[in-house]
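**Q** For reference, the chains in residue letters:
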Amino acid sequence: MVHYLVRRLLGLLPTLLIVAVLVFLFVHLLPGDPARLAAGVDAGPETVELVRRDLGLDRPLPEQFVRFFGNALRGDFGKSIRSQRPVATEIAERFGPTFWLTVAAMAWSVVLGMLLGIVSAVWRNRWPDRVGMTLAVTGISFPAFALGMVLMQLFSVQLGWLPTVGADSWRHYILPSLTLGAGVAAVMARFTRSSFIDVLKEDYVRTARAKGLGEPVVVVKHGLRNALIPVVTMMGLQFGFLLGGSIVVEVVFNWPGMGRLLVDAVDMRDYPVIQALVLLFSLEFIVINLVVDLLYAVINPTIRFK
Amino acid sequence: MSTPASTPTPAASAASADARAVRTPAAEFWRKFKRQHVALVAGGFVIALVLLAVFAPWLVPFDAEQFFDYDALNSPPSAKHWFGVDSLGRDIFSRILMGTRISLAAGFVSVAVGAVIGTLFGLLAGYYEGWWDRIVMRLSDVLFAFPGILLAIGIVAILGNGMVNVIVAVAVFSVPAFARLVRGNVLSLKHQTYIEAVRSIGASDWVIMLRHLLPGTISSVVVYLTMRIGTSIITAASLSFLGLGAQPPTPEWGAMLNEARADMLNAPHVALFPSLAIFVTVLAFNLLGDGLRDALDPKLDN
Numbered sequence: 001m002v003h004y005l006v007r008r009l010l011g012l013l014p015t016l017l018i019v020a021v022l023v024f025l026f027v028h029l030l031p032g033d034p035a036r037l038a039a040g041v042d043a044g045p046e047t048v049e050l051v052r053r054d055l056g057l058d059r060p061l062p063e064q065f066v067r068f069f070g071n072a073l074r075g076d077f078g079k080s081i082r083s084q085r086p087v088a089t090e091i092a093e094r095f096g097p098t099f100w101l102t103v104a105a106m107a108w109s110v111v112l113g114m115l116l117g118i119v120s121a122v123w124r125n126r127w128p129d130r131v132g133m134t135l136a137v138t139g140i141s142f143p144a145f146a147l148g149m150v151l152m153q154l155f156s157v158q159l160g161w162l163p164t165v166g167a168d169s170w171r172h173y174i175l176p177s178l179t180l181g182a183g184v185a186a187v188m189a190r191f192t193r194s195s196f197i198d199v200l201k202e203d204y205v206r207t208a209r210a211k212g213l214g215e216p217v218v219v220v221k222h223g224l225r226n227a228l229i230p231v232v233t234m235m236g237l238q239f240g241f242l243l244g245g246s247i248v249v250e251v252v253f254n255w256p257g258m259g260r261l262l263v264d265a266v267d268m269r270d271y272p273v274i275q276a277l278v279l280l281f282s283l284e285f286i287v288i289n290l291v292v293d294l295l296y297a298v299i300n301p302t303i304r305f306k
Numbered sequence: 001m002s003t004p005a006s007t008p009t010p011a012a013s014a015a016s017a018d019a020r021a022v023r024t025p026a027a028e029f030w031r032k033f034k035r036q037h038v039a040l041v042a043g044g045f046v047i048a049l050v051l052l053a054v055f056a057p058w059l060v061p062f063d064a065e066q067f068f069d070y071d072a073l074n075s076p077p078s079a080k081h082w083f084g085v086d087s088l089g090r091d092i093f094s095r096i097l098m099g100t101r102i103s104l105a106a107g108f109v110s111v112a113v114g115a116v117i118g119t120l121f122g123l124l125a126g127y128y129e130g131w132w133d134r135i136v137m138r139l140s141d142v143l144f145a146f147p148g149i150l151l152a153i154g155i156v157a158i159l160g161n162g163m164v165n166v167i168v169a170v171a172v173f174s175v176p177a178f179a180r181l182v183r184g185n186v187l188s189l190k191h192q193t194y195i196e197a198v199r200s201i202g203a204s205d206w207v208i209m210l211r212h213l214l215p216g217t218i219s220s221v222v223v224y225l226t227m228r229i230g231t232s233i234i235t236a237a238s239l240s241f242l243g244l245g246a247q248p249p250t251p252e253w254g255a256m257l258n259e260a261r262a263d264m265l266n267a268p269h270v271a272l273f274p275s276l277a278i279f280v281t282v283l284a285f286n287l288l289g290d291g292l293r294d295a296l297d298p299k300l301d302n
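Taken in sequence, the protein lines are chains A and B.
The working numbering puts the first residue of the first sequence at 1, with every later residue one more than the last.
The working numbering puts the first residue of the second sequence at 1, with every later residue one more than the last.
Source of the hints: derived by calculation from the structure; they are not laboratory data.
Here the structure is a predicted model, which is why all the values come from computation and not from measurement.
Simulated crosslink set (EDC-like; lysine to aspartate or glutamate; CA at most 20 Å straight-line):
id, chain 1, residue 1, chain 2, residue 2
1, B, 80, B, 65
2, A, 221, A, 203
3, A, 201, B, 297
4, A, 201, B, 294
5, A, 79, A, 267
6, A, 79, A, 49
All chains, please: the whole structure from these sequences, using the hints.
**A** In structure tokens:
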């Protein structure tokens with residue numbers, strides 16, 4: 001297991017390095033001169049030159065990269081062009097709301113999605129399956145931003161049950177996490193169903209039934225664990241989808257998180273913030289996929305020896 | 001692809017009574033697909049949407065961008081304005097109809113470009129393996145390290161706002177998915193006996209790849225492509241909704257929703273119709289994709 005963990009960690013290094021290079025090059029791919037962007041539109045040529053030297057943009061690219069990478073490792077991403085505050089501080093304030101929103105969405109959507117999937121597989125082609133799969137295909141087809149607007153209109157504006165925007169109490173989390181999780185719940189339901197149907201066709205399930213076990217025991221004890229293996233992988237992929245989805249949902253609900261910070265930063269060409277956020281989002285995604293791989297190895301020992 | 005002709009042997013001639021039952025892959029596909037009533041309806045709907053998109057300029061009752069009905073600002077659906085009027089006095093029905101062109105084009109073009117490039121990379125990677133395979137797979141790992149919409153936002157930040165750049169961005173993140181899919185299929189196909197046979201009669205690498213490996217993987221590519229169009233339409237609309245794609249007054253569905261947000265209190269119908277348009281279109285592609293998958297999956301023969 002330790003051997004497997006080390007191998008997986010080492011395998012990540014090239015990916016991480018390429019991601020870092022891409023994020024670094026991002027500034028130089030932007031149209032226009034980054035020093036001019038940082039100095040502001042009204043700055044004279046001398047000021048732009050000063051800013052260029054100050055930011056190290058006059059140095060050769062490899063040297064700049066080493067500096068960028070070293071600073072990034074220490075959590076220093078420079079100053080936001082818009083607010084003139086350190087990027088790390090800006091992001092630190094926004095990390096919590098996004099993190100908890102993603103966790104809340106993941107929690108309910110995985111539980112509900114798997115439940116729907118199991119019910120649909122057990123009652124395959126009967127009415128619970130039809131209802132479940134209709135819900136699921138609706139879930140993957142309805143765009144998150146539209147769903148958010150509908151929910152807000154219904155529960156906040158018309159009925160007045162829930163707050164509209166902000167992230168001050170647990171009641172603020174209900175609508176955004178519902179919106180964010182709907183797509184994931186739908187994908188999980190469809191995936192769990194097909195995985196479960198495959199497992200229920202296996203010989204050992206027939207054996208379990210043949211020796212007189214009750215259907216609940218067959219489903220839970222013999223089906224669930226085996227069906228879970230591909231479902232866990234899917235979960236990891238969906239977490240990345242949630243991170244991306246949170247960008248849109250945060251804009252709809254005016255959520256004080258990293259997604260909205262990113263959209264504002266792109267709008268204002270605030271490139272140090274964009275760089276740091278893109279790096280952070282990808283890092284999170286990579287770490288989550290690693291955790292999923294490890295979880296996978298715990299559930300399914302054969303993977304470790306491949 | 002034609003199946004290899006068999007020479008008549010006693011056993012085969014005994015079975016020749018079943019000769020009429022031998023079906024071409026196309027006929028076999030149609031036999032299974034036509035039983036999927038939901039997918040048939042969805043396919044019909046997609047065809048209708050394409051026709052609507054093509055003929056939209058001649059079908060719209062009003063100009064989508066230049067017509068303003070100042071007496072009916074934010075008015076709900078009526079006989080004159082089927083889907084109502086938005087806050088600037090524009091006819092929502094006409095705008096939705098014109099928006100069909102943009103969303104379908106965005107979905108089709110981005111996914112098609114991604115599928116062609118990805119399939120080519122995947123074929124080469126799976127067939128030759130070695131260093132080329134490692135580079136392609138490493139690059140897809142990197143592209144997969146960014147959540148899709150984040151990659152698209154990054155690309156749009158570099159290229160600038162606009163629908164064409166959104167299409168480029170969506171195409172870029174479709175490439176690795178197709179490359180992986182095709183590579184996996186090719187890896188399992190290329191050790192089969194029929195490939196060994198074509199190689200032993202001296203077929204070139206390109207003939208083997210395009211004529212013998214590609215057909216074996218095309219059905220999963222088509223299924224994935226159909227599903228992917230739905231996702232891509234949502235991604236493109238999301239970027240426009242965030243203000244990074246189509247700009248006002250372009251009648252793009254996501255951009256229309258973004259404009260409608262300001263007046264949700266007075267005129268929720270302005271947001272309702274673009275939402276429904278996206279939902280119904282994406283639903284049709286997803287249901288069609290489900291049907292194609294069930295019809296093309298050899299495991300599911302009932």
